[in-house]
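K.L.:
Residue numbers (the working numbering), protein chains in the order written: chain A, 130 to 342; chain B, 130 to 342; chain C, 1081 to 1410; chain D, 1081 to 1410.
Any given hint might turn out to be false.
If you anchor each label on the Cβ, the simulated ranges turn out as follows [as the list claims (entries may be wrong)]:
hint	chain 1	residue 1	chain 2	residue 2	range
1	B	Gly257	D	Pro1401	47 to 55 Å
2	D	Arg1305	C	Ala1392	53 to 61 Å
3	D	Glu1203	C	Asp1320	45 to 53 Å
4	B	Gly257	C	Asp1320	58 to 66 Å
5	C	Ala1324	D	Glu1203	53 to 61 Å
6	B	Glu184	D	Arg1305	41 to 49 Å
7	D	Glu1105	C	Asp1164	44 to 52 Å
8	C	Asp1317	B	Ala255	50 to 58 Å
9	C	Asp1320	D	Asp1391	53 to 61 Å
10	C	Pro1104	B	Ile316	42 to 50 Å
Which residues of chain A face chain C? A partial, calculated answer using Cβ under 10 Å [claimed, not checked]:
hint	residue
11	Thr157
12	Gly169
13	Ser207
14	Leu215
15	Leu251
16	Gly252
17	Ala303
I should point out that these hints are in silico values taken from the structure, not numbers from a laboratory.
Think of the CB as a built atom: it goes at the ideal place given N, C-alpha and C, for glycine as much as any other residue.
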Amino acid sequence: MGRLDTTTALSWIRAAADAITAHEAELTELDTAIGDGDHGANLRRGFSTAALAAERSAAAGQEPGAFLVDVGGALISSVGGASGPLYGTALRAAGKALPGPDADTAALAAALQAGLDALCRLGGAAVGDKTMVDAFAPAVTALQSAATDDLSQAALLAADAAEAGMRATTPLRARKGRASYLGERSIGHQDPGATSTALIFRALADALTSDHA
Amino acid sequence: MGRLDTTTALSWIRAAADAITAHEAELTELDTAIGDGDHGANLRRGFSTAALAAERSAAAGQEPGAFLVDVGGALISSVGGASGPLYGTALRAAGKALPGPDADTAALAAALQAGLDALCRLGGAAVGDKTMVDAFAPAVTALQSAATDDLSQAALLAADAAEAGMRATTPLRARKGRASYLGERSIGHQDPGATSTALIFRALADALTSDHA
Amino acid sequence: MKKLLNDPESAVADALAGLAASRPELMVDQEHRVVTRRAGVRPGKVGLVSGGGSGHEPLHSGYVGLGMLDAACAGEVFSAPTPDRILVATRAVSAGAGVVHIVKNYTGDNLSFDMAAELAREEGIEVEKVLVDDDVAVEESTWSAGRRGTGATVVVEKVAGARAEAGGDLKAVADTARRADAMSRSFAVALRAGTVPAAGRPGFDLPEDEIEIGVGIHGEPGRRRGPLRPARALVADMLDAVLADLPETSDPVVAVVSGLGATPLLELYVVYGHVAEELARRGVAIARNLVGNYVTSLDMAGVSITLCRADAELLRLWDAPVDTPALRWG
Amino acid sequence: MKKLLNDPESAVADALAGLAASRPELMVDQEHRVVTRRAGVRPGKVGLVSGGGSGHEPLHSGYVGLGMLDAACAGEVFSAPTPDRILVATRAVSAGAGVVHIVKNYTGDNLSFDMAAELAREEGIEVEKVLVDDDVAVEESTWSAGRRGTGATVVVEKVAGARAEAGGDLKAVADTARRADAMSRSFAVALRAGTVPAAGRPGFDLPEDEIEIGVGIHGEPGRRRGPLRPARALVADMLDAVLADLPETSDPVVAVVSGLGATPLLELYVVYGHVAEELARRGVAIARNLVGNYVTSLDMAGVSITLCRADAELLRLWDAPVDTPALRWG
Ligand SMILES: Nc1ncnc2c1ncn2[C@@H]1O[C@H](COP(=O)(O)OP(=O)(O)O)[C@@H](O)[C@H]1O
Ligand SMILES: Nc1ncnc2c1ncn2[C@@H]1O[C@H](COP(=O)(O)OP(=O)(O)O)[C@@H](O)[C@H]1O
Ligand SMILES: [Mg+2]
Ligand SMILES: [Mg+2]
Ligand SMILES: [Mg+2]
Ligand SMILES: [Mg+2]
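Whole structure, please, built from the sequences with the hints as guidance.
P.N.:
As structure tokens, then:
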């Protein structure tokens, strides 16, 4: 009942790139409030480069794992901000943990868990530090614990969980990234990275839903 | 019926200094619109220095002529803007043309004419160029042609003429000073120097009126 | 947004094109946004690479030249350069003696430089990373990403460059740079926010009578707002913050008063006057000083004060000849 | 008004105090607001005095030093120094060979320097006045006080200083300076007005999408308003205006791109890139260039472009060693 193959993975990255572009202004806004205002431009640039890499990788017949490694590499070499190495490393680690031509819910969840682990190792952030981890972690947990074999259903739950995690960053005081420099003043603002993470998980759900409709 | 002696001349300079201080913001405003915004500060600084020089000069028993030379010198060495050398030179020339311990209307008019001539020689401006000359010249003319021996009455006419000349600068296009750099855009603004000239002639009338009340 | 630009997208590329046209002694690799010395690196000399987001000019490209950096990587505005580009710069300045990376302490910069160093090492290039973290507005605690790298960068790059030019080996150059950083502290205030070209509006709005206190160089708000006060009082507060954290030795200091991009020199000299006055009052001697735009934050109005305790060796390195677009003497 | 000052009244004095603290090689006479070289003037060398209103920093005090000015007179903000102070400066740098006054063409400056020259001559000091009038935004006609002196001042002061340092006599130094002025033209645009401290608010307000075209350096509005356009187009228009009036010779030019006080270097380099591109297209070679804040107008955002046709002699004088706070090479 729904597996992630390279075609669907390509749809995911396309959808993520579209979502980032559509929300660029919002991400800029959020990063202007508690960061340096470049998260929207960083990710638009990064995902448009990543989408090109994704097309090439898919056209070259890569399996989803190698495909995600390619996409992650493209992010690392195009974003520049903190989010680039973090997202890129997460996708590369996820890709390396994803065997075979397609993945079911459990395999994808395990791969994304590996990606999350790499991200946390690299950035040193934990849940509650007001970063992308606050959206990423609950999404992976939702995917892992989804009581369904239907990957698109599970992805919808993951997207919901990411969005809930994203919203939950608002009252937090930042401990990592630029927002931490603001101390108390970071409280009351939604984290830009958690917001883009939620967009990326929503794009996964969208890709799975439409491809397997 | 009223003559300008050193006591009255001192009252004049005091009154002029007070008027300039009271109208500093207005002069700044006018000079900001078509100049560089410093006419108010220039003249406040200049007239407060000039007022000190005036006190000293009067205390030293100078006659009105030498007194005006002292005051003019103080303006030259304290204003800095174009208006400093111009006013200073005018007062110095007027002082040099003013003989004796006191002056009647005709003598003062002749002295101020000499001051005006020096001012025009130095600055090269004529009536209609949108400068202090536009207020200064009609004031001197009014003084010269006043059909009265009463100096304070004549000074009132001169002040009125200066104010009319000042107002008449508004529709003019500047040919001298910074406002000339604006070309057509100088039209529609009252000249700051003409405005301070009107204040100075009004101060003369006030000094003469109150001293001889 | 009012800027002398063509398009936010091309701002960095266009500025680098201007730098290339203005400075034939520099080489600009537009594809990778890497600025190097046309003369190249003397065989056996330690290579010096720095870089970071653009918008801090003259940092870093303005410090490439004899006696200072060998290469600068220009990221997008306020975004770290990507690892592949840092790698290109690292390769370009590797002359057999290893390469020092001077990195301002921000998450993105740290990650990108670390990844690039990893790749360079795989190619057999020895890399030492030196972190600049001088901004005392950020308390080092579990509640932050650590002190930011700001005004001290110019001091670190200057002395490290002199040490490398004088033949120091990789460890010596890196240690000198680390010592300069350890001896430096900075604090900045902003009167008006700057505008990131891609964002199009100022990072924050401030009432006419308030300033942001403890800002960094990325347009973020400071630790708190406070009233705009006379320069003398403001400087005293800023020095309190800097001196409270500056290592106490009997050495004099190098003092850098840097505008944040939109501050006229008249005001910077007013500030420096009070820095000199206040430090004299507190018994801290100023051995050298810089007053101007050295580490900026786009068109932010404000000022940063950096002090670096400098012993005889650091002073000697400071005084060594330097010939770059933004620093030149000796 | 948001500025790093104590009091508008003391702005100039406070800035001079900072300059004095920062630059021990300069001497600041606070009573008369005169900045001179501590080393004094070599007997038999022509003395060089410039000055004008403050608010144009580094002009003029930042150009006092070896190979450039011997003295700078700092008036109040945008107000010429008074004649008595110019006289003090003139006396201070008179070393038996006469003194050149470099005067930007404004009524107040002209009158004050003329009066000072008169007084100096009465004391037996020979004085030559050199007028700088490079701003093509002001058409020379019966309708104006003549072209303003703006960006070319730095070129004139540089080459005159070199000529004097090289032993030129009074007439030679003055003639060199006049030739540099005659060969120079400038044009400036403003994106945002600056604020005179004593006035407390900006000289003009501009909508977000408009600029002032043809501004001077005293905060006055320009000849007209126009839309904010891409830097490339703006530069082409500015060069049109400059080149239309620049003497046509086969000589290359010295190009100065100066920020007006609140313009980040990133933008100035973007502008310089287009200056280089456009001049190449039009067949005008750039022999030397400056990009930075050289002649400013408080915190005005904007840029001026100055071109000076420079023959071999002017280039040689340009290249001669200079050691001042704001220009240093050779
Ligand atoms: N150490 C970290 N671990 C995890 N996420 C982080 C960390 N530092 C920053 N982030 C995330 O990165 C986001 C900012 O990304 P971006 O604006 O692109 O980079 P930068 O902060 O370098 O400008 C933050 O909102 C936060 O979610
Ligand atoms: N050539 C001139 N002749 C007569 N008056 C002049 C001349 N140039 C300027 N002025 C007067 O000076 C006034 C400006 O004075 P001020 O602002 O103090 O000096 P500045 O223009 O040097 O800043 C103008 O409004 C004008 O009336
Ligand atoms: Mg950011
Ligand atoms: Mg004025
Ligand atoms: Mg960033
Ligand atoms: Mg003025």
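K.L.:
Of the hints given before, which are not true for this structure?
P.N.:
none
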